[in-house]
Every structure is written in structure tokens, then in C-alpha cells.
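Fit chain B to the known structure of chain A by using the hints.
Residue numbers (UniProt numbering), protein chains in the order written: chain A, 1 to 400; chain B, 1 to 207.
It cannot be assumed that every hint is accurate.
Derived lysine-lysine pairs resembling BS3-like cross-links, with alpha carbons at most 25 Å apart [said to hold, decoys possible]:
(1) B/Lys96 with A/Lys377
(2) B/Lys22 with A/Lys295
(3) B/Lys73 with A/Lys361
(4) B/Lys175 with A/Lys295
(5) A/Lys210 with B/Lys45
(6) B/Lys175 with A/Lys356
(7) A/Lys298 with B/Lys22
(8) B/Lys175 with A/Lys211
(9) B/Lys200 with A/Lys211
(10) A/Lys236 with B/Lys200
Rather than coming from a laboratory, the hints here were simulated on the basis of the structure.
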Amino acid sequence: MENYLLCFLIILIAFNVFSFIISMQWTKSKNLISLQGILLLLKIIVFILIRINLKEEIIIVNDNMTILITDLLLIDCLIMIISFIYIRKKRFKDIGPISIKESLDKLPMALCYSKLNGFPVLTNDTMNRICYELTGKTMLNAERFYEKLVENSNYINGMWELILDEENVYTFNKKTIKLKGDYFIQIVGIPVTDLYEMKLKLSQENERLKKINEELIEYSHNVNEVTKKEEILNTKILIHDSMGRILLASKKWILDNDYLKYEQIISKWKEVVTFLNSKGDNPDENLLLFDQLNKAAKSIGMEIKLIGNVPEDERIMEIFIAAARTHVINAASHANADEVNIYIEEKKGHYKFIFKNNGIKPEKEIGEGGGLSSLRKKITQDGGEMRIIFRPEFVLEIKI
Amino acid sequence: MVNVMIVEDQAMPRELFELYIKNSDNYKLLYSIENAAMAEIYCLKNAIDLVLMDVCTSNGTSGIEAAIRIKEKFPKIKIIIVTSMPEVSFVEKAKKAGCESFWYKDLGQMKLLEIMDQTMAGKSIYPDSTPVVEIGACKSADFNEIEIEILRSLINGKTQNEIAAERGISRSGVKYHISNMLNKTGYDSYVQLTIDVVDKHLIIPGF
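If we strip away everything but chain A, and leave its shape as in the complex, we get:
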């Protein structure tokens, strides 16, 4: 009887050991594992007792106990089977290390956990692939891998951007984490290929738009000239039409010999001849801006005396003319002046304009009117300075 029991025990112990190993792999339930362990231990103890019995040196287990042990072993067998089924079911719910590794390998991002000395603890397939492409080897040392990564990457917005090829762009970061009292290095690589492509396209698009903007500005500068030429053409067309009409009218006049219409015909011919004699360009076109200002000042009996050379730079010339015009108007309006003196000093592209006038001197400080305020705004926007002096005479000084 004991021999059969011993055989049965051996089988049970073997099954228990198998079950115990599976439990360790498949479940995190410590209670289950502990129960398995205790049952195994008990079985081993019973085995030893029955072995001693067989030797008949010491009687430990009597017949009644044998029956009890057999019953208990059968119950134990039942428990083993139930727990095995339970563990198998639980396996699909509990996440074990293998599950974790499998999941990480399927992720598109690259992951690596290593000890502080760089020894890798957990690396997923994506990280291994990147490591192989970069170093020619799989992950052997996370620190050395990261150094190589940094050498081959661009630092953008706090991350290292690695471009393996057009379809593989990753941004990496590294940090130290603490887990259950131990420190680990975590390296994460996030795939940004789509984002990188969009960024490239956006950059190209911005360049193209910038170029279009510049062309538009250029076009807008030229379009006024084109418009003017169109106006001239329209006028010429009108004159051509007028010529046609006057020729027809003249022919009819000659044939009808209607003297009363003579004056009208002559008047029309004078108009046409005037235009035919016109050079078609602006007689003042070649007058410099300053000459236009001079001509305007003379019309109101004011003389402008210029000491120095007018600026050649278009932008500075515009400011100079605006200032001169404002001063002429103010001198004529408030000081009843008939002479304006303008001094121009130039040194290495920097200009100083001083405007003075004769006539009535201001008795007190005068607030800046619309003209001077607009002038100051214009000068300040262009990075220049404007100063007004009231005593002993009114002086407008501009530096640009």
C-alpha cells in the first residue's frame, strides 16, 4: 500500500513542481505561489514519512493515517487541477515580463532602459534597429549609444533630432528615473517623420511666399509707371479721334463752304496742333524735387538759400524735402518770412539739416502743429532726431 502511495506521491510532487514553475511565470499572485509551495513541502514531508515507514524502523504513519493521507492527496490533486486552470485563465489577464517585452517591441517609438553605467536592462526592437543603423551593433551600452546619437543629431527645442533617412526621423530625450529604490536611465525616441516632412514643406512654402511678396512689392512699385503710360496712351487715342473728327469736319466745311463755321474749325485745329506739338513728357519731370520746392517758394515771394549738397539717397531726400516744405510753410504763415536758409552737413552717410528763416521771431515757445508733428513722426520712424529751438530765433534741426 505504501509503495503505491509513494508512486502516487512522486507523480504529485512532479506535477506540483511543474505547476509551481508555471505559476512563477504566468502569475504575479504571491498567494497562489505560496500555496503551491506549501503543498509541495507537505507532499515532500509525507513522502519522507512513508519512506521511513517502509523501512519499518519507526512507525510514524499507521493505516488510518494512510487512508487520511490518501484522501488529502486526492483533495490536493483536485486543488492542483483547479489552480492550474485558474492560472491558465489568469495568464491572459495578468501581464508578465514576456507580455511587456512583446508590447514594447510593437511600439513605433524607441525605448531603452539601462542601469546608470549604461548596461541595458530593457530595449525594444525599434531602439535596437536604430542602434544598429547608427553603430553597426545592437544595444550593448546605452551611454555610448546616446553619445553617438548626439553626434549625429540636431538639437531642436530641447530634443535631439535624428534623421536616419527621409522616412525615419526621431526626436530623442534621456532622463534618469527611480524605480523601487533603483535608478535607471530612460532613453525615448519618438518618431516624427510626418511632422518633419510637414515642417520641410512649410519651410519651402514660406520661402515661396516670401519670394512672391517681394515680387508683389516690386510689381507695385512699377505699376504706377505703367498706369501713367496707360494714361498717356488714352490721351493720345483721344487726340487721334479728335484729329479724325476735325478732318471730316474740315472736308465738309470746304465742300459746303460754310464761313460761319470757320472759327470753330480753326479753334479745333489749334487744339489738335497744340497736342501734336507737345513733347508728351512732363516738362518738370527732370526738375529735381528741390527745384520744385524752390519754384513753389518763389511763387509766394520766398527765396531759399541752400548751403551744402542735397542728399542723393532717396529715403533721406524724401525726409529733407518734407522738412524743407514744412519749414517754408511755417516761415511764410507765422513769421511772414521771405527768406529761408538751409544748411546741410554730411559725414559718412549721416546728415544734419538746419533750417532758419528771417521775419518775425517767435515770442514764446510754440506747440508743434500738424505739420511739425507729422514731420517728427516721419523722422523718428526712420531712426532720425528732430529738435526745435525757439530762442533767440526759430531753428529746426534734423539729424538722420
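Just chain B now, kept in the frame of chain A:
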């Protein structure tokens, strides 16, 4: 006799106006200049009664801005704005500047003198609307005020972000209005749209 000053940068239209005035019994030509920036100076001590003011004069100076300055100092001087551009904003700007009348140049003699007569008689002659031009598949009157202003900013070289900041709207808002205009005109890009608008003088850059 009404003393007239002509401000027109193109010689041919200017000479035409001069001829009309010289041939008229009611008007006397005092000055004929090409730069609106100088117009105010001529008004200081010369007895000018009426100014025929072009909008786009030499060196890019605006006749409407000159008109504002003249009206501030010499409110009795009457100003007729003359232009051939169908620029949408000129009529409104001329009214705000206080100009008495506004005339689209067709270079017909009787019409100019007629407008001058009516203006000196105290009437204010303004066109009912700006000339309508075709922009792509639609007419210029089909654009609303915001669309015109956005177009103007684009033509003056501003980026969409700058326009959005200026108008206090989002960039998507700007894109929405541009998209509407492209749908109306049938153009594929805003570049085509802006070129056509400038070509047809619906919007004049810098004015």
C-alpha cells in the same frame, strides 16, 4: 474770374486741362504743377479759388492728402479731385477730406467745365459709385469692405500674419476671406488676384 490751379503729373492731360481753362471765359489758370506736395505752398499767398487735384501725382505723393492740408488751412478754396483710377477708396477719402467734387477723367471738355461750373456754384458733384471693373469671373462691386481692405494689405506687401494682427483677427480668418475672394473670382491663387486688381487699378499700391 475764378483762379485755378491744376495739379496733374502727366503732361498730356495737364495740357488738355490748361487748354480747356484758357479757352474758357470764366476761369484763369494761375498755376499748373505736377507734385501735390507743393500745392499747399502755392495756396499760401496766391489767390487760388479752385484746385483741380489729381490723386496719384509725381514722387508718389497723394493729392487727397494734399487736399486735406489745403482744406485745413484754406477752407474756402474749392477742390475737385480728378482721376482715371477706379480705386475703391478714393471717393470716400475725397469726401472725408472735404473736397467739393470728384471727377473721373474721360477727357471730355464740356464735362470738366460743367463740373467746375457746378462746383463753383456751390454744388457737390460726386459719382454715385466707383466704376465697376471685372476681376476674374466677378465684378469689383462683389467684394465687401473687409475683402477690399485685406486685398489692399496684401498688395502693399503685408503677410497674412501681419494682416491678422492689424485687423485683430486670426490668420484663419484672413485665409477665410482670401478663400472667399478666390471662389468669387475663380482664381487659383491670391497672387493672380492681386495682380489683376492692381492691373485694373481697383487698388493702387501705396495710396
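Checklist entry - When the hints from earlier in the document are held up against this structure, which numbers fail? => result Violated: hints 4, 5, 6.
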